[in-house]
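Trainee: If you want the building blocks of each chain, they are given just below.
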Amino acid sequence: MSDDAPRLEGPLPPAALDDPHLQPYAKHPERAQAVAAVAMVVGFVGFIGFGVAYWVGDNPQWEAVTLGGGLLALGFGVTAWGKYLMPQGPFEEERHEFHSTEAEREAMTAAVTERGGMVLKRRRLLGGLFALGSTAMGIVLLFPLIRSLGPKPGTTLFETNWRKNSQLVTLDGRPVRVDDLAVGGVLTVFPKGHTGSSQDQVILIRLAQLGPLDPPLVIHPPGRTDWGVQGYVAYSKMCTHLGCPVGLYQEQTQQLVCPCHQSIFNVQSGCIPEFGPAPRPLPQLPLTADSAGNLRSQNGFNQAVGPGFWERP
Amino acid sequence: MIDETIDRSLRWLDDRLGIAKGGRTFLDKIFPDHWSFMLGEIALYSFVVLLATGVFLSLYYIPSAHEVVYHGSYVPLRGQRVSEAYSSSVSLSFDVKSGLLMRQAHHWAADIFLGSIAVHMARVFFTGAFRKPREFNWIVGVSMLILGIVNGFLGYSLPDDLVSGTGIRIAYSIIESIPLVGSYLGTFLFGGNYPGNGVIIPRFYILHVLIVPLLLIGLLAAHLGLLVKQKHTQFKGKGKTEHNVVGTPMFPTFIAKTTGFLFMTSAVIFLLGGLAQINPIWQFGQYEPYQISYAVQPDWYMGWLDGALRIMPSWEWVGWGHTIPLEVFLPAVIFPGLIFNIFIVWPFIESRHTKDLAYHNLLDRPRDRPLRTAAGVAMLTLLFMVFFASSTDVLANFFQVPLVGVLWFFRIAVIVAPVIAAVVAYKICNEMRAAEGIGKRKRPQIVTRSSTGEYSTTEAEPRPGDGVDELDAIPVPTYIDLVPPELATGAGVRRVMR
Amino acid sequence: MRRLFRARYAAPAALVGCVGLVGLLAFSPNAAPAGVAVTTTLPALTTTATTATPAGQPTQSVSGALNYAAPSNQTGLFYAQLPQAFIAPGEALFAANCASCHGPAALGTNLGPNLQGLGAGTVDFWVSTGRMPLANSSVQATRKPPRFNRLQTLEIAAWVQSLTPGQGTQVPIVNTNDADLEAGNTLFTLNCAACHTITGAGDALAGGAYAPTLHLATLPQIVEAIRSGPGNMPRFSEGNITNTEARDIAAYVSGVIQHPVNRGGFGLGGIGPVGEGFVGLLIGVGALMLVCFWIGDRT
Chain W
1 MSDDAPRLEG
11 PLPPAALDDP
21 HLQPYAKHPE
31 RAQAVAAVAM
41 VVGFVGFIGF
51 GVAYWVGDNP
61 QWEAVTLGGG
71 LLALGFGVTA
81 WGKYLMPQGP
91 FEEERHEFHS
101 TEAEREAMTA
111 AVTERGGMVL
121 KRRRLLGGLF
131 ALGSTAMGIV
141 LLFPLIRSLG
151 PKPGTTLFET
161 NWRKNSQLVT
171 LDGRPVRVDD
181 LAVGGVLTVF
191 PKGHTGSSQD
201 QVILIRLAQL
211 GPLDPPLVIH
221 PPGRTDWGVQ
231 GYVAYSKMCT
241 HLGCPVGLYQ
251 EQTQQLVCPC
261 HQSIFNVQSG
271 CIPEFGPAPR
281 PLPQLPLTAD
291 SAGNLRSQNG
301 FNQAVGPGFW
311 ERP
Chain L
1 MIDETIDRSL
11 RWLDDRLGIA
21 KGGRTFLDKI
31 FPDHWSFMLG
41 EIALYSFVVL
51 LATGVFLSLY
61 YIPSAHEVVY
71 HGSYVPLRGQ
81 RVSEAYSSSV
91 SLSFDVKSGL
101 LMRQAHHWAA
111 DIFLGSIAVH
121 MARVFFTGAF
131 RKPREFNWIV
141 GVSMLILGIV
151 NGFLGYSLPD
161 DLVSGTGIRI
171 AYSIIESIPL
181 VGSYLGTFLF
191 GGNYPGNGVI
201 IPRFYILHVL
211 IVPLLLIGLL
221 AAHLGLLVKQ
231 KHTQFKGKGK
241 TEHNVVGTPM
251 FPTFIAKTTG
261 FLFMTSAVIF
271 LLGGLAQINP
281 IWQFGQYEPY
291 QISYAVQPDW
301 YMGWLDGALR
311 IMPSWEWVGW
321 GHTIPLEVFL
331 PAVIFPGLIF
341 NIFIVWPFIE
351 SRHTKDLAYH
361 NLLDRPRDRP
371 LRTAAGVAML
381 TLLFMVFFAS
391 STDVLANFFQ
401 VPLVGVLWFF
411 RIAVIVAPVI
421 AAVVAYKICN
431 EMRAAEGIGK
441 RKRPQIVTRS
451 STGEYSTTEA
461 EPRPGDGVDE
471 LDAIPVPTYI
481 DLVPPELATG
491 AGVRRVMR
Chain X
1 MRRLFRARYA
11 APAALVGCVG
21 LVGLLAFSPN
31 AAPAGVAVTT
41 TLPALTTTAT
51 TATPAGQPTQ
61 SVSGALNYAA
71 PSNQTGLFYA
81 QLPQAFIAPG
91 EALFAANCAS
101 CHGPAALGTN
111 LGPNLQGLGA
121 GTVDFWVSTG
131 RMPLANSSVQ
141 ATRKPPRFNR
151 LQTLEIAAWV
161 QSLTPGQGTQ
171 VPIVNTNDAD
181 LEAGNTLFTL
191 NCAACHTITG
201 AGDALAGGAY
211 APTLHLATLP
221 QIVEAIRSGP
231 GNMPRFSEGN
241 ITNTEARDIA
251 AYVSGVIQHP
261 VNRGGFGLGG
271 IGPVGEGFVG
281 LLIGVGALML
291 VCFWIGDRT
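Chains as they are written, first to last, in the numbering used here: chain W, 1 to 313; chain L, 1 to 498; chain X, 1 to 299.
Keep in mind that the hints were calculated from the coordinates and are not lab data.
Each hint should be verified, as a subset may be incorrect.
Think about it this way: if two alpha-carbon atoms lie no more than 20 Å apart in a straight line, the pair counts; the simulated SDA-like pairs of lysine to any residue are [claimed, not checked]:
hint, chain 1, residue 1, chain 2, residue 2
1, L, K238, W, E93
2, L, K238, L, K97
3, L, K97, W, W55
4, W, K152, L, K355
5, L, K132, W, K152
6, L, K442, L, T458
7, L, K236, L, V75
8, L, K132, W, W55
9, L, K355, L, I339
10, L, K231, L, P213
11, L, K236, W, R95
12, W, K152, W, L142
13, L, K236, L, P475
14, L, K236, X, V261
15, L, K442, X, T299
16, L, K132, L, F235
17, L, K97, X, T299
18, L, K238, W, Q88
19, L, K442, L, G237
20, W, K152, L, H322
21, L, K21, W, R95
22, L, K355, L, D368
23, L, K236, X, S162
All values reported here derive from a predicted model rather than from experimental measurement.
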């Protein structure tokens, strides 16, 4: 710092212009300035380019290159200015003692405990009643926040629209007939009148080409053989893990694989999960065929479909 | 002339707001220069881009599940009945000028926002910057991480496309899995049993654009305010003590560098936004609850939850007329809750274990705290393993190995890998500390051969940045003699530029 | 200027650059799907009508490639009747290349299944995609450059068909003029996306099998696969997916899946957030960390 500089108001005398801390970091500041200047010009051109790209074309790639390139160049220029051409420092500042003095802390504690204690200890009843009232307010204000949002689940988690003799239809509402699917065919079906319904989605698979008078295809577990008809089986399409539609049917290995987390269900044995996180088999829909050859359900499901929840027994 | 204007304006403001003293202190504020201190800025500036692009998007997106017929430019969707949310998102991508650029930039910015938070958080953790007095700031930061993850999920679910809709179905089932109250919370939030009455889309929207951003902005203000008050930490080095901060001043140097960094962060986001396609919702189609695609993963910052759900064995507890689906509840509710709680209380765990109640403004090198580093490495490895476990099917397909094998690999890796990684990290830390001259920049030895054939070595000149020729730090000069000495008039006169 | 490119940036920049490049290439839509050789597809059956050709009958062009005439003024899906002249050469080809695994009468051995009743279309699918002849039957057959040209493929198919006339999947002629892309989109999403993914990228199935990528399938191959259900693929008969619906799906796969509108830039492999996370973290955050290296100090 220059010695013959006049002492001025302020914490420190002025720094001289040739103080090494105020010099740029770059060894060749003119070169650095040239680079930064070129970069900023490129940035300017880039932004103009973005304007042109916006008006002329419908091309996100050009928009990105011009806008991004402009931002990159201009940013590079001003960063280079800051890093290479501004005073290089290093500068320091003091960290002041962070906490208050002991006396101040004691005074703070005293303000709370003594003044506060004076009024609270004497008027415990009022303090307690205020606490009680505020707590009650807090609790009841939660009711509109949470309860008003929507309906209680009721029995809706247990219900589907599959009943006795519900007709199986495709997404387009077309009735599914017994001769529609080849062996190894798979189809998403709904009960008539409820196509597209999440809860009712069922996956229909033909495992064997059997006529009405042929012996039925044996389905394990026991007692389920008559839940299929003429080689058809049907299961709820909603995975028992997290509810994703189990649309992936492997015809050779006769497995249904849930695409979300790869639970694997064995179609021949009542969709018992063989692997993966699903805990329960896919609920099976008992099938029958009516006299016109349309596929129908014998009954609804015998359990809640989809993932598990507390009320599920 | 301009100096006088500035002087007058500042006096005018100071008369009313009293800003001069605090303002000068603020302008003199010192920022340490280490590159790793800039990682939080990546997060800050990508958040700025999120807000800016988000405002744009909010002017076009329609948060409604109401069905309309799509009539826009994308032919394979024409005539399909889709929700207004989906239709407006596709129209934004095809029929709004710069719409797709803004939408993709917004999505890339979210990925980068959370990625940079992760890297920033790791830096803070491994250098011990969360210690007293900065425990609050650590907790504020972890809270922003949680809110950022939530907002990202809400945001990418807004277009109501097949892939994100599947994620919403999964979220509903996770809520349902909570014992006692799960089914109630689910139907409350969705307006009925899944898919509900359609109210979930507008609810996600208002959470995503208003409620969570307000919380984030408030926490961000607290985060930066604490940083201003407590000042930034710094590494040990020449002239750096527990009682000072050495670096560059806010004005003009840091402002220049950080403004440039804002532009460069935005640049990377917008370049990705137009050159790398992300979330092409028109290829996925409208979400329907009976349709699904394979190779469906959530965005990367949710991947660890998806991976946990995949590798969890199918343990479901059934008894006394009730079911607790542990295969959902444990990985999707308990596991993240545990992880985030560990994050939040870590400063207190560490201070209790080390019995260290002192202030810490100087940072540790990770090698100096082998236990903490090993614990951090174990946690990172665990999270990486669950994260990679989210792509089991993609990995099985890419490497042509069986699906079941990949899953078993991750089930085992999730337990074994963190232990191995922690032991290795611990050993490396100790070895590094024992090595001679560790952390010092090595100077090359120049080998010269004398005319008689002898070899001798001399140390090379120190390079810039080696710390040898660094100047001592000085306080920020308030006044600068802008006039060179040779042009000065006599003593006693203040020299100013005209 | 030299300072800007100091050696200290070289290592991290090179690392990020290499990984990012690998990521971009691995997820590039033009790269061949993993594990599958790039095929040179022979011309599929065209529908150019030549003079006075009865519908559905082949004509021999000068080059030997086959052209089928589609019924004029009609769009949609038709099934070709392969000419009798193909049967004899087909038998010879079969005996030389296929009988060792499938038996001399295509009834199957312990090395290969019974082909009788599967139909010409099924044979055409397996042979024209190069899956057959198959060296190693213990793993799922992959698409590879076909061993036979179009004529030879159809000859083999004709011979196998002749063993059980009328049965099985026939060779389709697919005319996609006036195809309903929106219907194809809906049908594809409902029936195909669960295995092949919504972008047709393919993915791993249980038991070491996999659903292949759809990006190399020709129009006839798509319909043949739908009808014959190769491998683990389900079999979609006409009662399940009608001929018009199959045509719409084929048009959608060939027009949209194979030529996706990637308006947003590089497609990153079409596998969704896995590729996007890779790029966002390694290239996005990585590049910005490099900028931090540049701006900041190392002490």
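Trainee: For each hint, tell me whether it holds in the structure or not.
Mentor: These are the hints, each one checked on the structure:
no.: 1; hint: L:K238 x W:E93; verdict: 15 Å, holds
no.: 2; hint: L:K238 x L:K97; verdict: 54 Å, violated
no.: 3; hint: L:K97 x W:W55; verdict: 9 Å, holds
no.: 4; hint: W:K152 x L:K355; verdict: 50 Å, violated
no.: 5; hint: L:K132 x W:K152; verdict: 47 Å, violated
no.: 6; hint: L:K442 x L:T458; verdict: 13 Å, holds
no.: 7; hint: L:K236 x L:V75; verdict: 62 Å, violated
no.: 8; hint: L:K132 x W:W55; verdict: 55 Å, violated
no.: 9; hint: L:K355 x L:I339; verdict: 23 Å, violated
no.: 10; hint: L:K231 x L:P213; verdict: 26 Å, violated
no.: 11; hint: L:K236 x W:R95; verdict: 15 Å, holds
no.: 12; hint: W:K152 x W:L142; verdict: 16 Å, holds
no.: 13; hint: L:K236 x L:P475; verdict: 19 Å, holds
no.: 14; hint: L:K236 x X:V261; verdict: 54 Å, violated
no.: 15; hint: L:K442 x X:T299; verdict: 13 Å, holds
no.: 16; hint: L:K132 x L:F235; verdict: 16 Å, holds
no.: 17; hint: L:K97 x X:T299; verdict: 46 Å, violated
no.: 18; hint: L:K238 x W:Q88; verdict: 16 Å, holds
no.: 19; hint: L:K442 x L:G237; verdict: 16 Å, holds
no.: 20; hint: W:K152 x L:H322; verdict: 18 Å, holds
no.: 21; hint: L:K21 x W:R95; verdict: 17 Å, holds
no.: 22; hint: L:K355 x L:D368; verdict: 17 Å, holds
no.: 23; hint: L:K236 x X:S162; verdict: 86 Å, violated
Hint violations for this structure: numbers 2, 4, 5, 7, 8, 9, 10, 14, 17, 23, all remaining hints satisfied.
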